[in-house]
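So you can see what is in the structure, the chains are spelled out below.
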Amino acid sequence: MHFKLNGAAVEVEAHPMKRLLDVLRQECGLTGTKEGCGEGECGACTVLVDGEPVCACLVPFAQVADAEVRTIEGLGGDHPLQRTFAEVGGAQCGICTPGMIMAALALGPNPTLEEVRVGLAGNLCRCTGYEAIYRAVLFAAGEEGGPA
Amino acid sequence: MRTALSGLDLLRPRTLDEALRLLRDEGPLVPLAGCTDVYVGLNFGTLPATRFVDLWGLRELRGISLRDGGTLSFGALATHTDIVRSPEVNARLPMLVAAAREVGGVQIQNRGTLAGNVANASPAGDTLPVLAVAEAVVVLRSVDGERRVPFDGFYTGYRQTVMRPDELIVAIEVPPVEGAQWFRKVGTRAAQAISKVMMAAVKSDRPRVSLGSVGPTVVRLPLTEEALAGGATLEEAQRVLLDEIHPIDDVRSTAEYRRRVAANLLGQWWSDGA
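For the record, the sequence lines run as chains A and B. Under this note's numbering, the residues of the first sequence are numbered 2 to 149, in order. Under this note's numbering, the residues of the second sequence are numbered 477 to 750, in order.
Pulled out of the complex, with its shape left as it was, chain B reads as follows:
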């Protein structure tokens, strides 16, 4: 590990309330759970943070529950493996199961959490397009109380969110999704490779489409959705989509490839029987 251990500090609260007090009184602290992103930075010596708060032992943040009305509530420590194994999620949100299965390999799925994928705020987070089309709500808590942020308004820019340093994600809530769900990740291999483009979509009277890795944040495509809802042909909708996204060239792919694949994904989804 390139980061010197002697400079690092780990606080280990026993309860969520204690964790929230530490964030307020001892901050700034970086929350740790499955560590699948944070330790990559520590291993390579690229993480400026030196003080951390470990949430992994907080039982109250574990588990996935089904609420009255059909809302799924994912505790902040729900892992990708928890999602894959949950009968409720398989029945109600199969596109999230599909995305969770393609996050890293089993080792990563066993530790990495859904809330961590959200908090890490990478535009390449595989579960994020799913949460976007499912119109999830991010539940944030601090010593001062709780606030519920619609997923649509959670990201403010590249790796930027509306979270304050004294807040934690305590849950992600997903209301019932009407319509057929779809998810596809395009990358160099299914496991491990970080995505070049991924898309989640819901086919219903109100079609919903979201893409990852085509901009600084995960994006919903309201104009494309509107076109499809209004009876546009697939070709027309693909033209709208190409005007709506602004991908870049980077180490994993090119803007041109991403544009072409994004339009193809829309076509594949729309032509699928589901």
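Chain A extracted, bound-state conformation:
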């Protein structure tokens, strides 16, 4: 099946009902996307499909035919969100971090704190208490007072 993965056209064979999460981790070898709850409650497996955040544990592979899928690996490691999450303690144990960053990415430039709260409401974190995550997202967007 044909789709676009992190900007590159790819051809991947898998069962049409296999979860996108498992196809990414197994067939594609991209293990940055994590499985948390497996029921769409925690957002750890968030990836972008055609620019919109989705839970990869709830998407059958068949539904991304010809779509554009973006995962944490597509950010390359030095994206402003990846830097600020590390710098301000937005990542602690790290399991929620790829999903948090992908959900934050969909907020576009210069989100307000309220937009960040709503945009990340579907992503659970059990370490940070969220404040450092919100700061990381706002700093990455160039808010004043950011560490960079």
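Note that these hints are calculated values from the structure, not bench results. There may be inaccurate statements among the hints.
What the hints assert, rightly or not - Rough simulated footprint, nothing fancy, chain A against chain B, three-plus residues with beta-carbon under 8 Å:
#1 478–487
#2 505–514
#3 526–540
#4 655–668
#5 674–687
By construction, the Cβ of each residue, glycine as well, lies at the ideal position given by its N, Cα and C atoms.
Position chain B relative to chain A; hints supplied.
Same frame as chain A, but now just chain B:
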């Protein structure tokens, strides 16, 4: 995923007509769209179904349109995000926007559909009290034709509907709503948590009230509505409401909590200036 993939079958029609023929000739099939309910069952190995029909690619079922006369028509694939972003829905049916915003997080709102919330038939479906007070119509289609079911008559019991296995929801229609609209969900947190109680209501000469998660299906409260329309005091109406609902204890809440909160919601709505 606990369900074995090898036992699953997915049919992928290209048109609605083809989907309807598959439902008639190849059934029983479970329709899939945003998958936000079905995949939870598959992930935990609790879904007995093994054969599915994927509707997600059927463009003819997408979109929200405003008809002459002011009726809003939600295609079966209209998502909660489509509802939140629609200027027509924001202008005409703000209580549905309020409910759609509290279904899961954005990830769920991006995939989950209004028709899926209706078809899933959970008494905790957040959009269902809104459709009840808006007196929506569920448009069902099969190879044999179309029928229009008033929302009031769509559910027959816990997770039971009047839909036949060869029918699909193709649209949900909502006529213009006269009066001030209100929606409130009560749960452990706004996003993600499944509701303990939710209420939608319309304030007008003909007050309308609906509650979710207080019975086996979403319920309208005709006796409470009648009391309010007849000039009863809030306290009298709350007493009528408590006689009219029969919630249960379950994993999310208790019957007693739900009764108390339901009466409080009626009070909050009725005392609100709107």
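Against the structure, the hints come out as follows:
| no. | hint | in the structure |
| --- | --- | --- |
| 1 | 478–487 | holds (count 4) |
| 2 | 505–514 | holds (count 4) |
| 3 | 526–540 | holds (count 4) |
| 4 | 655–668 | holds (count 3) |
| 5 | 674–687 | violated (count 0) |
Consistency note: the structure conflicts with earlier hint 5 alone.
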